[in-house]
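Participant: First to last, the protein sequences are chains A and B.
Residue numbers for the first sequence follow my numbering, beginning at -3 and rising by one.
Residue numbers for the second sequence follow my numbering, beginning at 1019 and rising by one.
Be aware that a few hints might be false.
[Claimed, not checked] Listed below are the simulated PhoX-like cross-link pairs for lysine-lysine, each with C-alpha atoms no more than 25 Å apart in a straight line:
(1) K137/A to K1030/B
(2) K1057/B to K39/A
(3) K1146/B to K129/A
(4) K1146/B to K137/A
(5) K1030/B to K1146/B
(6) K1057/B to K1104/B
(7) K1146/B to K1104/B
(8) K49/A to K129/A
(9) K49/A to K1104/B
(10) K1030/B to K1064/B
(11) K1146/B to K49/A
(12) K1146/B to K1057/B
The set of hints was computed from the structure by calculation and includes no laboratory data.
Just so we're clear, the structure is a prediction, and the values are computed from it rather than from any experiment.
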Amino acid sequence: MSSFKIFDIAGSGLSAQSVRLNTVASNLANADSVSGDPSTVYKARHPVFESVKASVASQAMGSLGGVDASAVRVRGIVESTAAPTERYEPGNPLANADGNVYSPNVNVIEEMTDMISASRAYQDNVEVMNTSKELMLATLKLGS
Amino acid sequence: MPLSLDSYLGVKADALKVQSKRMEVLAKNLANVDTPNYKAQDIDFKTALAQAGSPGASLPMTTTAAGHIGANNSPSNDVDTSGALKYRVPLAPSLDGNTVDAQLEQAAFADNTVRYQATLTFLTGSLKDLMTAITGS
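Isolated chain B, as found in the complex:
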């Protein structure tokens, strides 16, 4: 039975990419905490994950000869989260047009960090299972 490492790792690999992207967006919000007219953004995790896992999200590999094996599921290095990137609805808008709430962003960042670490733990578990299957010990 052929085993694709991508399908074996399943949603966990995509989740890691989306979480890393979300970390970037939250870092951006925290860096711009005092920038006038800056609007805070966040990634809708569910939408982003669905987008990352859907077929067509990655580029197919071209086959130019009959013997070539097509890799339709080869994941791209970067995950497309454009559809899931949303502006935050401010709880208390400030006069300078900035919608970053530092405490809220810190909480979201901490939340994302824990989720990222959890995904890493799951991935490590899957890889260890695979190693057990390969080495048999």
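Just chain A, same shape as in the assembly:
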């Protein structure tokens, strides 16, 4: 039954959004991880999404029904190329010879909005799954 594809699609959405939540958590946790060397300092990470065929099974069926069920997946995780912030902190044990430390290019406000967006998208997918489950159960009980 084609309705089962909805679970694949919404499930892929859940997985992709949770990867996004994970990167947000990682970025926020490392927002203050300073380093004496600008090349080793933590860089903000962001996932890149792309849409793919829901499953090999649906691919084998080709354009059955005329709908290509495309799910979403994380293509990869990219690191931000923005320059780290330089701070003069001679008292910091991690400071370099000039007394400077470098803090990550994590924009906390950007991360928080990203987190809310990911959370809402996750909730959307859960709702889609719940609703289609209810409808499938109602269809099973058809005629009674």
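Given chain A's structure and the hints, the job is docking chain B onto it.
Facilitator: The following block gives chain B in isolation, referenced to the frame of chain A:
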């Protein structure tokens, strides 16, 4: 009088299939809400229903002997909605080329759910009528 269950259920069975297909398309849109360059799609219900109900939309059954009964109207398991699948015209296009409007998709999904449930109710009514006719009570 011969009674075909397919013709008895009429458009309701086709409507259920198209609505289930539409649910899939909307789920796809919601899953890809943050995918760059993803274009939101939707099914034109009227066109899809006309396509699903038209003769030739399903495969005929082959008869190889004189005694075989041909089943020309046997419906296929899946409904062909290729002609009715359209791209949505974005209200506010975003810079990453994504045309999914989450609120719009949620509304369409809720709308489709109610319609699906209504079709189920109608189908249940038809089946109950049939049961009354069979059992006579």
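Participant: So, for every hint listed, does it hold in this structure?
Facilitator: Evaluated hints:
no., hint, result
1, K137/A to K1030/B, "16 Å, holds"
2, K1057/B to K39/A, "31 Å, violated"
3, K1146/B to K129/A, "24 Å, holds"
4, K1146/B to K137/A, "12 Å, holds"
5, K1030/B to K1146/B, "14 Å, holds"
6, K1057/B to K1104/B, "10 Å, holds"
7, K1146/B to K1104/B, "37 Å, violated"
8, K49/A to K129/A, "21 Å, holds"
9, K49/A to K1104/B, "18 Å, holds"
10, K1030/B to K1064/B, "13 Å, holds"
11, K1146/B to K49/A, "40 Å, violated"
12, K1146/B to K1057/B, "42 Å, violated"
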